[in-house]
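Asks: Read off the chains here:
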Amino acid sequence: MEHTVNYLVCIPLLPLAGAFVLGMMHMLTCKNPLPEKLYSFLAMLGPLGSLIFTVIIFSTLREMPAESRYLTQNMFTWFSAGDLHVDMGLFADPLSTLFLIFVTFIGSLIHIYSIGYMAGEENYGKYFAYFNLFLGSMLILVLGNGPVVMFIGWEGVGLCSYLLISFYTKDRDNVLAGNKAFIVNRVGDLGFVLGVAVLFWGLHSALGGAGFDYLNIKAGASTLTAGTGLAVCLLLFIGATGKSAQFPLYVWLPDAMAGPTPVSALIHAATMVTAGIYMVARFSFLYASYPFAGDVVAWVGILTALLAAIIGCFQRDIKKILAYSTVSQLGYMFAGVGVAAYSAGIFHVFTHSFFKALLFLGAGSVIYALHHEQDIWKMGGLKKKMPLTWIVMVIGALALAGFPPFAGFFSKDEILFMALAKGHWMIWLIGVCVAGLTAFYSFRLIFLVFHGKPRDQKSYDNAHEPPPVMTVPLIILAVGATFAGFFNLPAFFSGDSMVSTWLAPSLLEHHSEASRVTEGVAMVLSIAVVLLGIFYAWKKFASKPEDKPLTGFAKWGEDKFYVDEFYNAFIVQPWIAFGRTISNFIEPNIVDLPVKGTTWLYGVLGMLFKVFQAGYVRVYAIYMVIGLSLMSIFLSQSL
Amino acid sequence: MIEDYLVLSVILFCIGILGVISRRNVFTVLMSIELMLNAANLAFVAFARLNETMDGQILAMMVIAVAAAEAALGLAVIILLHRQKGRLDSNVFSLLKG
Amino acid sequence: MHDLVSFLPLVITCTGALLLMLYAVCPKAEQEKASLMSMGFFAVAFFAQLLVVCTVSRPLFPETFNGMLGVSGFTNAACLIVYACGFFTTLSSHTYFRENHFATVEFYSLLLFSAVGMVLLSMARELITAFIALEIMSLAIYVLVGFNRASSRSTEAIFKYLILGAFSGAFFCMGTAMIYGAAGSTRFDSIAEWLAFNPATTPLMLGGAFFLLITIFFKISAFPFHAWVLDVYDGSSNPITGFMATALKTAVFAMIANFLALSGNLHDSWITGLFWIAVFTMFGGNLIAIGQDNVKRMIAASGIVHSGYLLIALVAINSEYFSGAVIAYYLAAYSVATLGMFAALSWLGGEGEKRVTFDDFKGLAKRQPLAAATIAVFLLSMAGIPPTAGFMGKFYIITSAISAGQIALGVLGIISSIISMWYYLRLIVSMYFHDAEEDFIVDGSSLASISTVALAVAVFAIGLFPLVL
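Going line by line, the protein sequences match chains A, B and C. Positions 28 to 666 (our numbering) are the ones given, in order, by the first sequence. Positions -17 to 80 (our numbering) are the ones given, in order, by the second sequence. Positions 666 to 1134 (our numbering) are the ones given, in order, by the third sequence.
Excised from the complex, chain A in its bound form:
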């Protein structure tokens, strides 16, 4: 079977080329910009082209026998030093293809939506250049044939998130939010780089100069010593907590709301935050061998889910609520991959990308309609003005809450059930509680925004449905959020677990069997908790919501448990003080002194040599004769 193809590169290359062209166009014409239509047309070419190639790859892979289902492309040797040999190559297997499908599909939809959302904004071309770059980086991340190539995309999405979060550079807060995202990500990246380095260190004799890519790593993984393997897993997981916003590095994601809303949708749904899950799943052959590492991943995930869900219940900003819901859902995913239910975790990524994109774009429509008002306590009653948005948002909220038969139900339930089946009943219990909280806060949002009476009459009067270029993607995503769950219908509903079967060759997982009765009971219980959450939200917020100042625990929740303040006081400030000390005392007195002394010396010597250039031809001849004499003395030594 031929595994080498030459069109894989087109997938990341098309958006990257688009980014380059758009960027050049924007730079050359920033004073009198070209028509927006031209930019948006060019911006669409890359994502759509990638989508088409993705479909081609998908159908090619389907033709192949399941056990050797992958495509590769080696472009060139990137570098080769000692045993380390890294090819610039791409690798598509079922796992990466699943990611490709939703990244390109949802990415394209968000591009289309942006055309409407960003209309009339300044730096229109720059926005789309960054967007294409973001997508291209994510595609490199997903398609890279080894951790080193993956790291290009890993850093690329980090860079693009920074650029796009601080896109409205005029406001200092936005820039700071971009900085925060970038710096927190860097902390995680350090873990990733160290993990890859340790991995290579452990494997270098097994590799023996062969390419440092997934196939070879997987083949040599059994030679790792237990300590090294565990260290690799934990270090890589630190990288994942940075990119996928898990405790303790989740703090950047809620602040990332500073960018334009489609950016949030792109970060939360299609790109960036799913990178961590992808990476853990990619190294499933490692994590499967170290149950302790898996436990750490699962516990960090589920606790993050709980923490974020509690915080989410008390937020006022529509986008912050969604942001915390993302953190919380990512926690579920990590819990899934942590308990070695990789396909369940990945499937949740897949469904989540639909309904989270839907919720963000819906929220974007609301914000767009209300002229950038984001406080849910200033909205209300929008159901009448924006019926379509209301419908899609309700679908999104139901999917998020995990209510059957919407997408979230199947994937979330699969994770929880797998946790239970593998004996992690504490994780299951917390997971069920989080499901209830999720239902509560998502319907709190729906009720406050769309129901009741308008609390800000003026903006209510001006509100209207967005243009079709924005609503069409919403409808497509709503359909996805409704039906995506059926792709992996479990055996309980006499489904055939299509996605799990598809992913099976890429992942190393052991399906545990539990009785149908347990599965049924667990399912009913979680539906009941969800209904409870919705009911409580309805009771509290549907008819007569009261916007009174929060106290006690709720106040803590609204203030995000002071995690940011804690980091600021105990990490950031001491670090800044350390930096000040260096810059005020050590740098000028100890480091600069020799440098300044040297430059002074050179200056003086330069002046001295100027004197020697006396200008008399005779003197120059004398220099020559002196040189000649000295050289003669030297020469006579060798005779």
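Just so you know, the hints here were simulated from the structure itself, not pulled from any lab data. Each hint should be verified, as a subset may be incorrect.
Stated by the list, open to error - Calculated cross-link-like contacts (lysine to aspartate or glutamate; reagent style DMTMM-like; alpha-carbon spacing at most 25 Å):
{"no.": "1", "chain 1": "B", "residue 1": "K79", "chain 2": "C", "residue 2": "D1025"}
{"no.": "2", "chain 1": "B", "residue 1": "K79", "chain 2": "C", "residue 2": "E858"}
{"no.": "3", "chain 1": "A", "residue 1": "K582", "chain 2": "A", "residue 2": "D216"}
{"no.": "4", "chain 1": "A", "residue 1": "K405", "chain 2": "A", "residue 2": "E546"}
{"no.": "5", "chain 1": "A", "residue 1": "K637", "chain 2": "C", "residue 2": "D958"}
{"no.": "6", "chain 1": "C", "residue 1": "K693", "chain 2": "C", "residue 2": "E764"}
{"no.": "7", "chain 1": "A", "residue 1": "K623", "chain 2": "C", "residue 2": "E1103"}
{"no.": "8", "chain 1": "A", "residue 1": "K411", "chain 2": "A", "residue 2": "D322"}
{"no.": "9", "chain 1": "A", "residue 1": "K637", "chain 2": "B", "residue 2": "E(-15)"}
{"no.": "10", "chain 1": "B", "residue 1": "K67", "chain 2": "C", "residue 2": "D854"}
{"no.": "11", "chain 1": "A", "residue 1": "K405", "chain 2": "A", "residue 2": "D322"}
{"no.": "12", "chain 1": "A", "residue 1": "K575", "chain 2": "A", "residue 2": "E592"}
{"no.": "13", "chain 1": "C", "residue 1": "K698", "chain 2": "C", "residue 2": "E1016"}
{"no.": "14", "chain 1": "A", "residue 1": "K197", "chain 2": "A", "residue 2": "E400"}
{"no.": "15", "chain 1": "A", "residue 1": "K245", "chain 2": "A", "residue 2": "D120"}
{"no.": "16", "chain 1": "C", "residue 1": "K1027", "chain 2": "C", "residue 2": "E1016"}
{"no.": "17", "chain 1": "A", "residue 1": "K637", "chain 2": "C", "residue 2": "E1018"}
{"no.": "18", "chain 1": "B", "residue 1": "K79", "chain 2": "C", "residue 2": "D958"}
{"no.": "19", "chain 1": "A", "residue 1": "K637", "chain 2": "C", "residue 2": "E1103"}
{"no.": "20", "chain 1": "A", "residue 1": "K412", "chain 2": "A", "residue 2": "D344"}
{"no.": "21", "chain 1": "A", "residue 1": "K623", "chain 2": "C", "residue 2": "E764"}
{"no.": "22", "chain 1": "B", "residue 1": "K79", "chain 2": "C", "residue 2": "D1024"}
{"no.": "23", "chain 1": "A", "residue 1": "K637", "chain 2": "C", "residue 2": "D1024"}
{"no.": "24", "chain 1": "A", "residue 1": "K480", "chain 2": "A", "residue 2": "E400"}
{"no.": "25", "chain 1": "C", "residue 1": "K1019", "chain 2": "C", "residue 2": "D1104"}
{"no.": "26", "chain 1": "C", "residue 1": "K1031", "chain 2": "C", "residue 2": "E1103"}
{"no.": "27", "chain 1": "C", "residue 1": "K1031", "chain 2": "C", "residue 2": "D958"}
{"no.": "28", "chain 1": "C", "residue 1": "K1019", "chain 2": "C", "residue 2": "E764"}
{"no.": "29", "chain 1": "B", "residue 1": "K79", "chain 2": "C", "residue 2": "E1018"}
Claimed, not checked - Far from chain A by the CB rule (all over 12 Å, computed), these chain C residues:
{"no.": "30", "residue": "G705"}
{"no.": "31", "residue": "L715"}
{"no.": "32", "residue": "H766"}
{"no.": "33", "residue": "S833"}
{"no.": "34", "residue": "H891"}
{"no.": "35", "residue": "T937"}
{"no.": "36", "residue": "G1028"}
{"no.": "37", "residue": "I1079"}
Said to hold, decoys possible - Quick look at which bits of chain B chain C covers, simulated, 3 or more residues with Cβ under 8 Å:
{"no.": "38", "stretch": "38 to 52"}
{"no.": "39", "stretch": "58 to 71"}
Note that CB positions come from ideal geometry on N, CA and C, so glycine has one too.
Assemble chains B and C onto chain A, guided by the hints.
Replies: Here is chains B and C on its own, set in the frame of chain A:
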């Protein structure tokens, strides 16, 4: 016998070098350089005799021709220098320095 | 027949020089037309040379002119550089003489003659041929340096150059005589043959080679034979300074590399000496350049430093690994940047070269962003910042030094290039971080501006495709 020619040649060459670095009159400097070239010619001819080939003689003719061209240009420059400053002291021409 | 074909470019240049000389007699002769004609001759010669490089592969060494001249890959590269330098110099001159009115038709004729000398020098396989070529080149250059007879600076420059050049030429002559005495011949192959059977430390042979090197060191301005270079560059017109700094150095290096490469064990006794000369040349040049306020003098001094780098490559020549390609590459990189600088100076210099000091270029970036950007490119290339040609050149030179076992020299080369940032960046700072004090009104459509931009592109082109050469 042949050493004597060579010694003479070296002496002439050294006189030339000394002339260039010690004399200030541009004319004398130019003549010192000619002296150095002629020292080389003498060496050529002496070596031709020693090696019993004719090459050296011809090479000396070539050098004379080149020296003549150089001298022609040198004289032209001297005239130019004299026109500008009215003197031929090489120390006068030190406008460019530093 | 092939022999003559490979000399076709030389014939073209020579014919061009003679035709222009005849044209000068014609009463209606105009220097603008002459400049266009010489541009044409240089361009044709360049392409003819390119054709020769591409088609003729047979080494011609023994047959041609009784072994007096020879063509090697390195010679070809040097010839290409010389013709290209000539072409761009003519472009700059065309602009330069719009504001400085002292050119005549003979100027271009002499330019072609000096190119003939340079090409002959790089082809020379015999010492007296080399001497004659050296003198053809030098005599033409002397006149070009002093072409502005009204200017006392120009006259002083020709005076200093002529006296010291002739002085060093006498050493060449004496050295040739001594080598002739020792080896019985002045042909490189005969000398090499002689050296193969006799020790190189014969006083006559060693002394002769020593005298030859003195002249070479003078021509490439190695320390301590460098003193003339600042004054002469300063006193001559901008295009000619560029030509001298690049083409002349290329031709001389071609000649010495040919000579040293042929006489293997002669070179062995020289390595230590060359080592110290290279070190002193680099650091001495740097220190002189630091003290300069005049851009032309600074570039002259930096030319000394670049000669030091090239000497590193010469040190690294050994029997197994001839670094001729490295030298050719570095010369090309250096020539492009230096010619570019002088093209830019010709373009912006103004009447009577009124803009020459660092302060004169204050705020250029605000008034003439393109010119400032190109100058910055040239300076960065000279300083050796990637991805310019200068970086690749330095990289190759230092790698070749290290692979030849001269690690200390490689390290010193790197240190020297760090020091050299001082004066290169000084001009960039002056152009970009100061406010403009004048308008920098220049003729925007001049040929010099075209050649400046073309050379700036070439800096990157050579830097990015190092394998072409």
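Asks: Does the alpha-carbon distance linking A/K637 and C/D958 stay inside the 25 Å limit?
Replies: 11 Å, holds
Asks: Within 25 Å, alpha carbon to alpha carbon, are C/K698 and C/E1016?
Replies: 21 Å, holds
Asks: Quick check: the stretch 38 to 52 of chain B, covered by chain C? Criterion 3+ residues, Cβ under 8 Å.
Replies: Since 7 is at least three, the answer is holds.
Asks: Per the stated criterion, does the least C-beta distance between C/S833 and chain A lie above 12 Å, as a non-interface residue requires?
Replies: Not fine: 7 Å to the nearest Cβ puts C/S833 too close to chain A.
Asks: Are the Cα positions of A/K637 and C/D1024 separated by 25 Å at most?
Replies: 18 Å, holds
Asks: Are A/K575 and A/E592 close enough, with their CA atoms no more than 25 Å apart?
Replies: 24 Å, holds
Asks: Regarding the assertion that C/G705 does not contact chain A, is the least Cβ-Cβ distance greater than 12 Å?
Replies: Holds, since 36 Å exceeds 12 Å.
Asks: A/K637 and C/E1018 were given as a pair; does the straight-line alpha-carbon distance stay at or below 25 Å?
Replies: The given pair, whose Cα atoms are some 22 Å apart, holds under the 25 Å limit.
Asks: Between the alpha carbons of A/K623 and C/E764, is the straight-line distance 25 Å or under?
Replies: Measuring from Cα to Cα gives roughly 43 Å; hence the hint is violated.
Asks: Straight-line Cα separation of B/K79 and C/D1025 no greater than 25 Å?
Replies: 19 Å, holds
Asks: Between C/K1031 and C/E1103, is the straight-line Cα distance small enough, at 25 Å or below?
Replies: 10 Å, holds
Asks: Taking 25 Å as the top limit, are the C-alpha atoms of B/K79 and C/D958 close enough?
Replies: 12 Å, holds
Hint check: violations occur at hints 2, 3, 4, 7, 8, 9, 10, 11, 19, 21, 33, 34, 35; the rest are consistent with the structure.
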